[in-house]
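Participant: Protein sequences, first through last, are from chains A and B. In this text, residue positions in the first sequence follow my numbering: the first is 1, and each later residue adds one. In this text, residue positions in the second sequence follow my numbering: the first is 1001, and each later residue adds one.
The set of hints was computed from the structure by calculation and includes no laboratory data. Treat each hint with caution, since some may be false.
Distance ranges between label pairs, derived from CB positions [to be verified]: (1) A:G79 x B:T1080: 44 to 50 Å; (2) A:D44 x B:E1184: 36 to 42 Å; (3) B:W1194 x A:T47: 25 to 31 Å; (4) B:G1033 x A:D45: 52 to 58 Å.
Please read these numbers as outputs of a predicted model, since none were measured by experiment. By construction, the Cβ of each residue, glycine as well, lies at the ideal position given by its N, Cα and C atoms.
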Amino acid sequence: MKKQMLLLLGLCLTASCSNSNQTIETTDAPMPMDREIGDGLPQDDPTLITATSLALHIRGMSCPKCVTNAEIQLERLPGISGAMLDMGGGTFRIKVKPGAPVTRGNLARAIWVAGFTLVEIEELSS
Amino acid sequence: MTTRTVGAVLLLSTAAAGQEAISVPAATMPSPGVFIPRVVTQLIGYSDPTTGESKVHGVQNASLAAGIAADWSVMLKFETSLNFDDRKSQHDPHLMFKHRFYRKDLGIISTERMAVYGGVEIDDNLDPFLGLVYTKIDGRWGTNLGISWETGEVANDGPPILAGHAGANLWKLQSSVLYRLFPEDYRTTSDHAWYATVETSLPYEENGDWEWTLGPGILYEGRRHAFEANLRLPVQQDINHRAETEWALAIGWRTLF
Chain A
1 MKKQMLLLLG LCLTASCSNS NQTIETTDAP MPMDREIGDG LPQDDPTLIT
51 ATSLALHIRG MSCPKCVTNA EIQLERLPGI SGAMLDMGGG TFRIKVKPGA
101 PVTRGNLARA IWVAGFTLVE IEELSS
Chain B
1001 MTTRTVGAVL LLSTAAAGQE AISVPAATMP SPGVFIPRVV TQLIGYSDPT
1051 TGESKVHGVQ NASLAAGIAA DWSVMLKFET SLNFDDRKSQ HDPHLMFKHR
1101 FYRKDLGIIS TERMAVYGGV EIDDNLDPFL GLVYTKIDGR WGTNLGISWE
1151 TGEVANDGPP ILAGHAGANL WKLQSSVLYR LFPEDYRTTS DHAWYATVET
1201 SLPYEENGDW EWTLGPGILY EGRRHAFEAN LRLPVQQDIN HRAETEWALA
1251 IGWRTLF
């Protein structure tokens, strides 16, 4: 029993290593096809963000620490700052530095990596 | 174990719909490059199997979890016995990986997740453990339901007290229910929440020992810090190879950076 469990664990760890090679620090990487994302926005959308103020509508963010997780991932994108979430409305407001190379897919990926689903990007100002 | 007991545990487990409680795992994890250190102190009242005397045993858990990729995390945990009952020992460290293989975000505050976790206790033998956990959060309610298996170990600082320390492998069915007490509804300015928790656990050791525990708790969660406390009481037990738990109190703190 113990040997079988160790073997199973080894397989999990191997999968972990191969997966982490694909995804770590690659917020541009496409989402694996076998993932369930509900109605999330595509993570391979190359459309550049031109607005300087955005509202990101997010699903699945249920606790205060979830917010910090998402905030950290968003602010790692170049030119993104001032992430603030309205938990009641599930809406993150962010500022984008003019000319920053951020795409809609980057935003969807960052929210996905944080553990949640981005369903809509609303441009507040350009 | 009676059919009625198993039925009651399963009913409670499945009826319940969470955030992460103090003892029961959840299909939650830090995102890549984020770290969560956590300290949990447990006081366990037990009946000494040799003298029948009631004693208190203390256990201090310190862990560090890190997100390594989307839906993958790793955790290193150290466990130390506290010197309340003339037992002080450093247990072997645990290394654990967790992979969230399913998630479906159904609404603003509505989600379902499942994760598998496993690892080893790092001693001469690398003793493995594995578990599966389901988490559902819907508005103010959260539920975690998990099943796990771990290699038994032998207590080296006196008669065994904890489940799995009498040498036999340990199976565990666990569930927790969390209810957000405050705020009733999240608002733009919301930055913390209070939860009432109920945790239940059914550890079964392959030497035939089992117990069913149930207990209330409280959880405060801010943007970076969380404090938690839980009281665990036995509902039914049939234990012949280790000390019988009379009560257990756990107090914890974790942060995120």
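Participant: Indicate, hint by hint, whether the structure satisfies it.
Facilitator: Evaluated hints:
| no. | hint | verdict |
| --- | --- | --- |
| 1 | A:G79 x B:T1080: 44 to 50 Å | 46 Å, holds |
| 2 | A:D44 x B:E1184: 36 to 42 Å | 39 Å, holds |
| 3 | B:W1194 x A:T47: 25 to 31 Å | 41 Å, violated |
| 4 | B:G1033 x A:D45: 52 to 58 Å | 23 Å, violated |
The earlier numbered hints that this structure contradicts are 3, 4.
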